[in-house]
Amino acid sequence: AVPPNALKTMSRPSSKWTDLAKPLSPPVLEVIEQLGFEKMTPVQAATIPLLLSYKDVAAEAVTGSGKTLAFVVPLVELLLKRQRDSAWKKAEVGAIIVSPTRELATQISDVLGEFLAHEELGKFSQKLLIGGNSVEEDVSGIVREGATVLVATPGRLKDLFERKGDLNMASRVKSLELLVLDEADRLLDLGFETTINTILGYLPRQRRTGLFSATQTKEVRDLMRAGLRNPVLVSVKEKAAVSTPKLLQNYYVIVEPQFKLAVLLDFIRKQELKKAMIFFPTCACVEYWGVALAELMRPMKVLALHGKMKAQRNRILTDFRESETALLLCTDVLAR
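Numbering of the sequence shown is given in the numbering used here, commencing with residue 730 and proceeding in unit increments.
If you are wondering where the hints come from, they were derived from the structure by calculation, not from laboratory data. Using N, Cα and C, we set each Cβ at its ideal position, and we do this for glycine too. A hint or two may mislead.
Claimed, not checked - DSS-like, lysine-lysine: derived pairs with alpha carbons at most 27 Å apart: (1) K903 to K893; (2) K1030 to K1004; (3) K975 to K1003; (4) K893 to K810; (5) K810 to K856; (6) K856 to K818; (7) K975 to K1004; (8) K768 to K819; (9) K975 to K947; (10) K1003 to K1030; (11) K989 to K1004.
Claimed, not checked - Computed Cβ-Cβ distance ranges for the label pairs, DEER-style: (12) E849 to L1025: 52 to 62 Å; (13) T923 to P1010: 36 to 46 Å; (14) A1013 to N926: 28 to 38 Å; (15) M1006 to P986: 39 to 49 Å.
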């Protein structure tokens, strides 16, 4: 087992942002107020003071419990503190956030962007590194503009560290203040253990690390041993901010394989669904049924989306949101 510095189990009511022992900076409080968050959730109340006290933190909390602000707020504060002592240079990276999927990384980048848009925080910049464009484009952007924060998926970040030539990412992270591993259980489920360990090998030991996970499996504990130093374990016993509706009813039908398509089509037509998401086990299934159902469900719009898509993702999601009626075929990339 990981020897914890301390163990905190949180189930108490949320606290005010102004109640923190280490007060937050005025611009950070202003952005939080603009975003409409009046109180901290338990995971925020537990982890923010620890990260601000330069502790490594491993937080177990359900999706929807406010984990993103739990690391974005201290991240910005740590950047500010260092900025007051010594200004960040263009070639220095102060924080890295690693997320398992492009969608989650984009969501985190959007939240971080709300803070960096504040006039007093505009001295910091971020780069979203998730693929969808060439490695060369990412490299030229970092070299040309710099980035105080990197929000990345594991594969692209590893590529940049291993790249030879003008980037020299290892030298850029020598002053790294904070590493965040978001959805750590998901990172490992997707097979990124070796990639994460490779990335850890490039990072300075004198840093803070925050690991956030919905579950603490053996694999997550192994990652904690590899990437965190004497971590404080935080277990948040709290319902997700977005809970399952009480009136939600789930149904299932056991169908012989040869009848599944007929039953699915019959169900969609009889329910007169305006919009529906249909999940498939693989990318290949999504592509195959995207073509087949587009013919079988005419004139209904059928959209397909899976993890191997890059540039099309945002366009397809926007198309689905704005359509009156549509079917969205996808893998579990959209389930979280």
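(request) Would you mind confirming whether the straight-line C-alpha gap from K975 to K1003 stays at or under 27 Å? (result) holds, 22 Å
(message) Can you confirm whether the C-alpha distance between K975 and K1004 stays at or below 27 Å?
(response) holds, 21 Å
(message) Hint check: K903 vs K893, CA-CA at most 27 Å. Holds or violated?
(response) Cα-Cα ~17 Å, so holds.
(message) Holds or violated: K768 and K819, Cα atoms, limit 27 Å.
(response) violated, 35 Å
(message) Check the hint pairing K856 with K818 against an upper bound of 27 Å on the C-alpha distance.
(response) holds, 15 Å
(message) Check whether the Cα positions of K893 and K810 lie no farther apart than 27 Å.
(response) Violated, at roughly 32 Å.
(request) For the range 36 to 46 Å, tell me whether the beta carbons of T923 and P1010 fit it or not. (result) violated, 24 Å
(request) For the pair we were handed, K975 and K947, check the Cα-Cα distance against 27 Å. (result) Violated: K975 and K947 sit about 33 Å apart, past 27 Å.
(request) Hint says 28 to 38 Å; check whether the CB-CB distance for A1013 and N926 agrees. (result) Because 29 Å falls inside the window, the suggested range holds.
(request) Kindly confirm whether 52 to 62 Å is satisfied by the beta carbon distance between E849 and L1025. (result) For L1025 against E849, whose Cβ atoms are near 56 Å apart, the range 52 to 62 Å holds.
(message) Against the 27 Å threshold, does the CA-CA distance of K1030 and K1004 hold or violate the hint?
(response) Cα-Cα ~10 Å, so holds.
(message) For a C-alpha distance cap of 27 Å, please report whether K1003 and K1030 respect it.
(response) holds, 10 Å
The structure fails hints 4, 8, 9, 13, 15 (numbered hints given earlier, in ascending order).
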